[in-house]
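> Residue-level listing of the chains:
Protein chains: 2
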Amino acid sequence: MNKAGSRHFVDVDLGDRSYQIIIGEEIISEADKLIAPLRLGKKKIIVTDQNVARNHLICLRKALENGGHDPVDVILKPGEQSKSFSGLRELLESILKLGVDRDTCLIALGGGVIGDIAGFAASTILRGIHLIQIPTSLLAQVDSSVGGKTAINTPQGKNLVGTFYQPRLVISDTASLKTLPNRELLSGYAEIVKYGLLGDAHFFEWLEENGDKVIDCNPAAIAHAVATSCRSKALIVNKDEREGGVRALLNLGHTFGHALETETGFSETLLHGEAISIGITMAFDLSVRMGLCPGIEARRATSHLKKIGLPVALKSIEGIDWSSDRLIYHMARDKKVRNGNINFVLTKGIGKAFVCEDVHMADVKAIIDKNLNS
Amino acid sequence: MNKAGSRHFVDVDLGDRSYQIIIGEEIISEADKLIAPLRLGKKKIIVTDQNVARNHLICLRKALENGGHDPVDVILKPGEQSKSFSGLRELLESILKLGVDRDTCLIALGGGVIGDIAGFAASTILRGIHLIQIPTSLLAQVDSSVGGKTAINTPQGKNLVGTFYQPRLVISDTASLKTLPNRELLSGYAEIVKYGLLGDAHFFEWLEENGDKVIDCNPAAIAHAVATSCRSKALIVNKDEREGGVRALLNLGHTFGHALETETGFSETLLHGEAISIGITMAFDLSVRMGLCPGIEARRATSHLKKIGLPVALKSIEGIDWSSDRLIYHMARDKKVRNGNINFVLTKGIGKAFVCEDVHMADVKAIIDKNLNS
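Protein chains in written order, with the working numbering: chain W, 1 to 374; chain F, 1 to 374.
Treat the hints loosely; a few may be bogus.
Below are the DSSO-like pairs computed for lysine-lysine, each with C-alpha atoms no more than 27 Å apart in a straight line [stated by the list, open to error]:
id : chain 1 : residue 1 : chain 2 : residue 2
1  : W       : LYS158    : F       : LYS336
2  : W       : LYS239    : W       : LYS213
3  : F       : LYS336    : W       : LYS239
4  : W       : LYS213    : W       : LYS306
5  : F       : LYS239    : W       : LYS336
6  : F       : LYS336    : W       : LYS43
7  : F       : LYS42     : W       : LYS158
FYI, nobody ran anything at the bench for these hints, they're computed from the structure.
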């Protein structure tokens, strides 16, 4: 069955580290053909977790074997605890035991956790072996699989240790999203909305019209949303691979959002995209309070998030005793703080985000308190 | 005291990752002035080991404090065992506990082990913080501090896990070499000779004349030898940062040498440079056997190594029951093997090394056996 008609190709242009993202329906089964132009060696090591393996591993292995590849796999336990120092050590030793040389290719098949830890492993084994990302969650397809960030968590915080390492290819199979719970899809959708809000008002309008179809996994709608998000991120990463400047715009909603996730212990209580949805709401509210953004634009952003089913108010998250002082304390300890300054991504309206270095913490506190009482 | 007259500056040209190597006598005490042009933040974390700390830490701390910096230090146990996964984990957690942000600068003060593990840590904390290398061994000054390789050892082998990560500055204080045992100086000298033999016949001639002065730590001679070596390596790294091509020339003597080190368990029995000295001898002998190099050139190379006090024959290493088959087995498992091919660096004479992909293992075995019986 040829589904090439509905495929999207996004080029991530990073000089000799450039690569392509291929987005389409049921394309894991064609992995061999998609990988072939890279002319890699035969040895492929698939890193995945038990849940993803159940749904997709046989299909991927079959495709690779059909293409004359020689796949072996390392299957991790699902969940964030794999993304630790001991998880990395176990993964590295499993891979080294399988035998690697500089033409070995590691394939990360799974969500953000698998992408982050397998990417970290690929970047350090023999100081870097080939990496192919096959993200199977919406969040990974629109965010973590683009831009080359890898990481593990440490007792001191999330993602404090990692590398920048670009894959050779990203294969985003939109059919894999159909197996996801609705709440996880919505969490990924928050990052999609972010791309519209930070720099593409036209895309945000399209989402206002078609967001429901994206959440329903309509193949054309979801492929367009994923491709537009990836293209948007790729353009920003192209300008600033190592996060010295414009890449900071991708953190719209994230300074607030990370503080919320820290407070809830990065648990199921509040998924990443849910935190970002509330964080975006706060960033818009702060921009309005500081006289930077018309109130009507902020209301429009918030109402779309709410309508689609994402949280925008702290009190909708049950069982947490929020405190604006504690959230501000978390912000001050974020890894993006530089020489003691907290930079916020604020906005002049939909599609008009910018980095602001001059935010009074009294305003931040007021916005959090307002949200708490809303 | 102004010693600027005897300073050497080597530029490592790698685009936006370019940096300078400064070589001179007693320049650790001027670290603050040398670092100042980089305009880094105040926070400096010095990583060193107990032995090096005893000789140089007070001097470095004083220089940094004079310059208004705020140095803290992490002092590791000396020796290769720090360069392990658990050593890396401890180091990373010590650094994270000290508190870091993206303007924090890590200073690696020590020999190759400190440079490798502190470099690895710097490359992964917050996905990369500033790194300054202050190598205090001759081997580190002429080899490991140039080119950005970082690594740890794993149960599967040496340096199998690491990154490519360039420092912002290298400060090579030749006075620090005076505290080294003679055997360690000689080990570093083997790498210096390598640069002459692989591509600079003129430098090799200079070493034939002045090698003794280098080993005696004559300030002018050692600074010239270190600077010429760094310049030679920097030129090669500039052409091939990630070891895809010409950088392989730096492995003259290393395919043999690593096999010898593997056999002796990377122990005090055979230091790295001693293994390289025997390895260079074998590479020249193999080149002669294959009709690539005149015998007289090989004898000239070997006789300089021998005259300076380096081993060139396996039987001079006491207590080891060498076997050519076992050494060949080690070579086949080297991390530089690609798609099953062992590449050797051979030579057409002094200063004329090249990578040869077409070596018969029977010839390799014959050369090892010949050396064993020499």
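> So which of the earlier hints does this model not fit?
Hint check: 1, 2, 3, 5 fail, others pass.
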